[in-house]
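Engineer: Sequences listed follow chains A and B, in order. Here this note's numbering is used: the first residue of the first sequence is 1, the next is one more, and so on. Here this note's numbering is used: the first residue of the second sequence is 1001, the next is one more, and so on.
A hint or two may mislead.
[Stated by the list, open to error] Just the calculated beta-carbon pair ranges, DEER-fashion:
1. B:H1067 / A:E86: 51 to 59 angstroms
2. B:Y1065 / A:E86: 50 to 58 angstroms
3. A:E103 / B:D1101: 32 to 40 angstroms
[As the list claims (entries may be wrong)] Looking from chain B toward chain A, a few residues come up when the C-beta cut is under 8 angstroms (computed):
4. P1009
5. R1037
6. V1138
7. V1148
These aren't lab readings, by the way, just hints derived from the structure by calculation. For glycine and all other residues, C-beta sits at the position ideal for the given N, C-alpha and C.
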Amino acid sequence: MRGVTITTIVAPTDFSECSLEAMRYAIGLAEVFSARVVFLHVMEQLGYEPELSLTPAGIRPEATRMVAEMMQDYVDRVRAQGIEVEWHLEIGAPFAEIRGAAERHHADLIVMGTHGRTGLAHVLLGSVAERVVQHAPCPVLTIKAGVCAEVVKAPESGGARAAAPSAPVSVRERPEVCHVCGQPAGAIICERCKTKIQAEAFARKTRVEREGR
Amino acid sequence: MAQAPAQDPTFTRILVPTDFSPCSQDAVRYAVMMAKRFGASISALHVIETMSYAMTESLQWVDLYAHVRTMVEPMMEGLVRELREKNLTAVGSVIQGVASDEIIKKAKEGAADLIVMGTHGRRGMRHLLMGSVAERVVRASPCPVLTVRGE
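In isolation and in its complexed conformation, chain A is listed as follows:
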């Protein structure tokens, strides 16, 4: 039996509860294996035609700034624990970017949540984790939403731990900015844009189907 080890961990995150928990696992493993952690956030490229008014040109800078702030803050604190860590922001299709990053950084482990942001993102993109599990160039450790919830709730010694797993707390404290319209919203994509995207996706689907006949 050949031995195996872990030297570089790639941990994609979309700042969902589940991926925050996955980030904790990544850090824990990095500590145990003295490995390097590469955090990765992928800004989704919505595959719509320009005329659909969804081109995120105008909103990118704001979203980018927000992500950069959260990432840098988190990474600084991880680094303070003596762990070699870096973060990257990529724009594109999550699965392709995750695989690309794993290859580029010679990852020997990917750690990620099984469920990212729920709702629309899930409908549009399917399960990123599933594709990564099937096609990643290295082993993948998946952390599930339910598990995350349990771990977070688990009573720990002292109250200091209470807020610990919520990593970049600012994700929740700060009113989020909608990734599509750039207006403050309670979620990554606001309700108005969600409805709009759904409607446009539906219109597109029916159009494509009609053409196909």
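Got chain A; can you put chain B on it based on the hints?
Structural biologist: Chain B in isolation, oriented as in the chain A frame:
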């Protein structure tokens, strides 16, 4: 702003489903690595898949399962021996059922905190069926799952 994530996640009971395919053997290597680093115990599991048309319970099928069992049990014993030779705490079990269901059930029963498994086992038509067991386990697992793709 909370302090940097404290409380490292840890693994104490690792479940390793195996079908003794090369991919599964790779998974075993990862399980060994994790077990050693975290001082965890390993529970190896082989599921003899129930065939849907075996519901007739004809004598032949009963015989077939018995035959598979006599074939698989020594393999499981060998694996457990191999793990124990590495100074790991290990147990093995062979059960019959639907692979993903039995794996989840076992993980819950044994309070596993990590499942390590290959993404494609013995089934053919890789592109269609690849990882269907692993996929279902990842989706339904009560604990983190480490999936390992064969070389």
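Engineer: Which hint numbers doesn't this structure obey?
Structural biologist: none
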